[in-house]
Amino acid sequence: MRQRLLLLTIVLGFTLIALDLAVQAQQRAAFNPAAFEAAAKGYEAEILRDALGVPHIFGARDRDVAFGLAYAHMEDDRATFEEILPLYRGEAALFSGRDAIPVDYLIAWTGARDAVEAGYETRLSPEVRAVFEGYAAGLNLYAARHPEEVDHRLYPVSAKDLVTGFSIQHLFFYGFDGAVKRVMAGPGAVAEAPPILANRYLGGDLPIGSNAFAVGPARSTDGATRVLGNSHQPLSGPVAWYEVHLESEEGWRMHGGLFPGSPIATIGATPNLAWGVTVNQPDLVDEFVLTTDAAHPDHYWLDGAWVPFETRSITLKVPLIGALYWPLTQTVRSTVHGPVLETDHGLYALRFAGHREIRQPEQWYAMNRATDLEGWQAAMDLNAIASFNFVYGDRAGNIAFVHNSRSPLRAPGWDWKKRLPGDRSDLIWEHTQAFRANPQVLNPASGFVLSANQSPFKVTAPGDNPDPAAFPPELGLPTRMTNRADRGLELFASLPKVSAKAFEAIKFDKAYAAHSRSMAYVDSAQALDAEAGSLLAEAKAVLAAWDRNTDLDNPGAALGVCVLSEEWLAERAPRAPAPIEAQVLTCAEKLKTHFGRLDPPWGSVNRLRRGDLDIPIAGGPDVLRAIYGREQTNDGRLTAVAGDGLMIFAEWAADGTPRLRTRHNFGSASTRPKSPHYADQAEAFAGETLRMVTWDRAILEAQATARTRLRATP
0 MRQRLLLLTI
10 VLGFTLIALD
20 LAVQAQQRAA
30 FNPAAFEAAA
40 KGYEAEILRD
50 ALGVPHIFGA
60 RDRDVAFGLA
70 YAHMEDDRAT
80 FEEILPLYRG
90 EAALFSGRDA
100 IPVDYLIAWT
110 GARDAVEAGY
120 ETRLSPEVRA
130 VFEGYAAGLN
140 LYAARHPEEV
150 DHRLYPVSAK
160 DLVTGFSIQH
170 LFFYGFDGAV
180 KRVMAGPGAV
190 AEAPPILANR
200 YLGGDLPIGS
210 NAFAVGPARS
220 TDGATRVLGN
230 SHQPLSGPVA
240 WYEVHLESEE
250 GWRMHGGLFP
260 GSPIATIGAT
270 PNLAWGVTVN
280 QPDLVDEFVL
290 TTDAAHPDHY
300 WLDGAWVPFE
310 TRSITLKVPL
320 IGALYWPLTQ
330 TVRSTVHGPV
340 LETDHGLYAL
350 RFAGHREIRQ
360 PEQWYAMNRA
370 TDLEGWQAAM
380 DLNAIASFNF
390 VYGDRAGNIA
400 FVHNSRSPLR
410 APGWDWKKRL
420 PGDRSDLIWE
430 HTQAFRANPQ
440 VLNPASGFVL
450 SANQSPFKVT
460 APGDNPDPAA
470 FPPELGLPTR
480 MTNRADRGLE
490 LFASLPKVSA
500 KAFEAIKFDK
510 AYAAHSRSMA
520 YVDSAQALDA
530 EAGSLLAEAK
540 AVLAAWDRNT
550 DLDNPGAALG
560 VCVLSEEWLA
570 ERAPRAPAPI
580 EAQVLTCAEK
590 LKTHFGRLDP
600 PWGSVNRLRR
610 GDLDIPIAGG
620 PDVLRAIYGR
630 EQTNDGRLTA
640 VAGDGLMIFA
650 EWAADGTPRL
660 RTRHNFGSAS
670 TRPKSPHYAD
680 QAEAFAGETL
690 RMVTWDRAIL
700 EAQATARTRL
710 RATP
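Quick note, the sequence shown lines up with residues 0 to 713 if you use numbering that gives the first Met the number 0.
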């Protein structure tokens with residue numbers, strides 16, 4: 000018996016090895032450099048790199064520019080792109096292990112990939128498809144020319160892979176994953192929420208906020224129009240900004256930021272206009288409680304009748320050994336509401352804005368190609384992007400704020416923040432808010448607009464804000480205020496006219512507003528009873544003396560930021576913050592342990608680190624100079640991990656002359672430690688200095704430190 004078992008084990012082992020070798024052979028066959036070169040024929044681009052390594056891509060056609068962009072991005076950040084690509088294919092588990100199976104399930108459950116397969120030819124214009132296909136050709140050409148560097152299993156990359164990425168990411172930016180977590184957790188956390196996509200691939204619990212503001216000619220001291228785009232993202236990883244300049248002979252001229260896998264800039268400027276983007280997270284997801292019973296296992300109750308579930312099969316690739324995987328087939332159910340989540344505590348159908356929407360790239364591309372306000376608004380009218388606030392400005396002196404949201408047009412009178420009964424079809428909404436019907440401000444008398452993830456009804460001077468009464472509560476528009484919004488509005492209100500220097504100073508302001516939510520939590524410590532000479536008494540004194548600033552030499556910021564961070568994190572969770580006395584003592588003990596004092600200079604605590612670089616940086620959580628730090632070492636110091644990243648300052652003088660300045664947090668988004676641009680902007684970033692960017696190609700060519708003419712080998 001033992002011999003037979005041993006023999007079977009040996010046979011099974013050899014069989015698995017043979018199968019693994021066969022699968023690897025198939026993967027090697029798919030990786031065909033000659034085919035990749037052939038597919039790149041017909042594309043041609045030029046990559047100019049400036050002194051900081053930022054790529055400026057030129058081509059005859061838009062598709063050529065996308066081709067060159069992909070190659071340049073792979074030169075700088077191949078590793079991040081290869082990390083995110085399996086997600087778009089629903090194969091994260093094959094590359095990240097079985098813990099990622101719930102991620103693959105969730106992607107398949109949303110039907111994002113299926114929607115792209117079904118709508119790629121009909122829902123996207125030939126121009127957008129050509130841009131994505133050019134970008135895919137550039138990725139594959141890089142792989143062909145660097146076979147020793149890339150993961151052969153991932154190539155060739157298709158345009159559909161990339162479009163799927165847009166469809167997935169836009170859901171999670173507006174908080175779709177939060178609704179899934181709530182449903183899975185259920186009453187009393189009956190079920191533990193699985194590892195959700197956003198936690199693994201989209202920055203985890205790092206803050207994703209942003210600043211964007213604009214000043215028009217009437218409010219500027221010199222008659223200029225100015226726009227700031229300053230999206231707060233993780234400083235590294237799949238949603239860290241990559242800075243690029245894109246220019247074609249077909250009229251595409253854009254300098255801005257994008258994420259790995261994107262051939263289109265999503266923030267930035269053209270010579271004629273600019274926009275910044277901030278996360279808004281309106282209520283775009285509804286949870287319906289379904290009624291079922293044992294007698295009708297394949298049906299749900301709706302309008303007094305049993306209705307059959309719609310079903311489809313999905314296949315998950317469960318990793319075994321080597322390249323082998325087990326195809327696990329699952330049945331996914333849906334109702335007229337939307338896809339169904341099955342939990343230990345019941346069945347729930349989710350209905351959410353942007354479900355199976357694949358036209359996000361169409362809208363971003365049209366925004367890139369717009370040349371004036373009318374063209375930009377026409378791009379926004381596509382209404383394919385489910386969320387985000389936009390702040391806009393242009394050469395003609397127009398400025399605008401838009402709370403962009405595909406908010407569901409829901410039945411009135413219901414509390415849509417709660418779960419809804421799933422047995423009433425009259426609650427199943429069919430339409431969403433049109434772009435022009437959203438809260439927005441165009442050329443306000445105040446001459447400025449500011450967006451910092453706050454309520455869309457407090458974005459400029461009081462007399463110019465949208466009227467909340469004009470928007471029904473069922474839209475689920477956000478009402479929260481942030482310190483950045485409170486402080487920014489306060490600063491603009493204090494200036495009758497805004498100079499270029501003052502505009503920049505507002506961006507780099509490091510203070511907490513006296514009436515902000517976080518400061519109310521900190522100030523509540525003063526009501527605590529503390530014995531003279533105690534640690535609590537000492538901490539109260541430091542907090543009382545703190546000027547609410549986070550400049551480098553500030554003696555109160557280390558304790559103050561530590562205390563208020565608890566309130567900020569609790570508000571985001573959402574949950575109640577810890578009792579103030581416990582939080583103050585926790586922070587005070589930590590500072591005593593690591594620094595021997597409660598008032599070390601903020602710069603000795605707050606650090607910007609990259610490779611061997613370790614320098615002080617000012618700013619803090621939810622100030623306009625947004626820096627979010629984490630303890631990554633055992634020395635009590637914080638490492639900046641999110642917040643201010645790529646900053647774009649666009650302006651037009653009174654005569655229409657454009658001027659563009661930028662700054663990246665590390666460098667040209669290179670993830671290669673040996674690159675000279677791995678951290679070459681970090682010190683200037685910490686020093687809050689900007690660099691000039693020219694629109695003149697002749698100047699760019701004269702200043703270029705590297706030049707690549709990219710085409711397929713004949």
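Be aware that a few hints might be false.
[Said to hold, decoys possible] Keeping only pairs whose Cα atoms sit at most 27 angstroms apart, straight-line, the calculated BS3-like set for lysine-lysine is:
#1 Lys-457 <-> Lys-500
#2 Lys-417 <-> Lys-457
#3 Lys-506 <-> Lys-457
#4 Lys-539 <-> Lys-591
#5 Lys-316 <-> Lys-180
#6 Lys-159 <-> Lys-316
#7 Lys-539 <-> Lys-496
[Unchecked claim] Quick list of simulated restraints, FRET-style, between CB atoms:
#8 Arg-660 <-> Asn-442: 36 to 44 angstroms
#9 Ala-217 <-> Thr-688: 26 to 34 angstroms
#10 Asp-550 <-> Glu-126: 47 to 55 angstroms
#11 Ala-37 <-> Ile-614: 26 to 34 angstroms
What the hints contain is simulated information worked out from the structure, not anything from laboratory work.
Built from N, CA and C at the ideal position, the CB exists for glycine as well.
Hint check: Lys-417 vs Lys-457, CA-CA at most 27 angstroms. Holds or violated? Roughly 26 angstroms between the alpha carbons, so the hint for Lys-417 and Lys-457 holds.
If I claimed the Cβ atoms of Asp-550 and Glu-126 lie 47 to 55 angstroms apart, would that claim hold in this structure? Given range 47 to 55 angstroms: holds, Cβ gap about 48 angstroms.
Regarding the pair Lys-316 and Lys-180, is the alpha-carbon distance no greater than 27 angstroms? Roughly 23 angstroms between the alpha carbons, so the hint for Lys-316 and Lys-180 holds.
Hey, Lys-506 versus Lys-457, does the alpha-carbon distance stay inside 27 angstroms? Given that 27 angstroms is the threshold and the Cα spacing comes to 18 angstroms, the pair holds.
Taking the beta carbons of Ala-37 and Ile-614, is their distance inside 26 to 34 angstroms? violated, 48 angstroms
For the pair we were handed, Lys-457 and Lys-500, check the Cα-Cα distance against 27 angstroms. Satisfied, since the Cα-Cα distance of roughly 24 angstroms is no more than 27 angstroms.
Can you confirm whether the C-alpha distance between Lys-539 and Lys-591 stays at or below 27 angstroms? holds, 14 angstroms
Is the straight-line distance between the alpha-carbon of Lys-159 and that of Lys-316 27 angstroms or less? Within the cut-off at roughly 19 angstroms; holds.
For the pair Ala-217 and Thr-688, does the Cβ-Cβ distance stay inside 26 to 34 angstroms? Distance hint for Ala-217, Thr-688 holds at roughly 29 angstroms.
Is the hinted pair Lys-539 and Lys-496 satisfied, with a Cα-Cα distance of at most 27 angstroms? Not OK: Lys-539 and Lys-496 at ~39 angstroms, beyond 27 angstroms, violated.
Is 36 to 44 angstroms right for how far apart the beta carbons of Arg-660 and Asn-442 are? Check failed, 24 angstroms falls outside 36 to 44 angstroms.
This entry does not satisfy hints 7, 8 and 11, going by the numbered hints stated previously.
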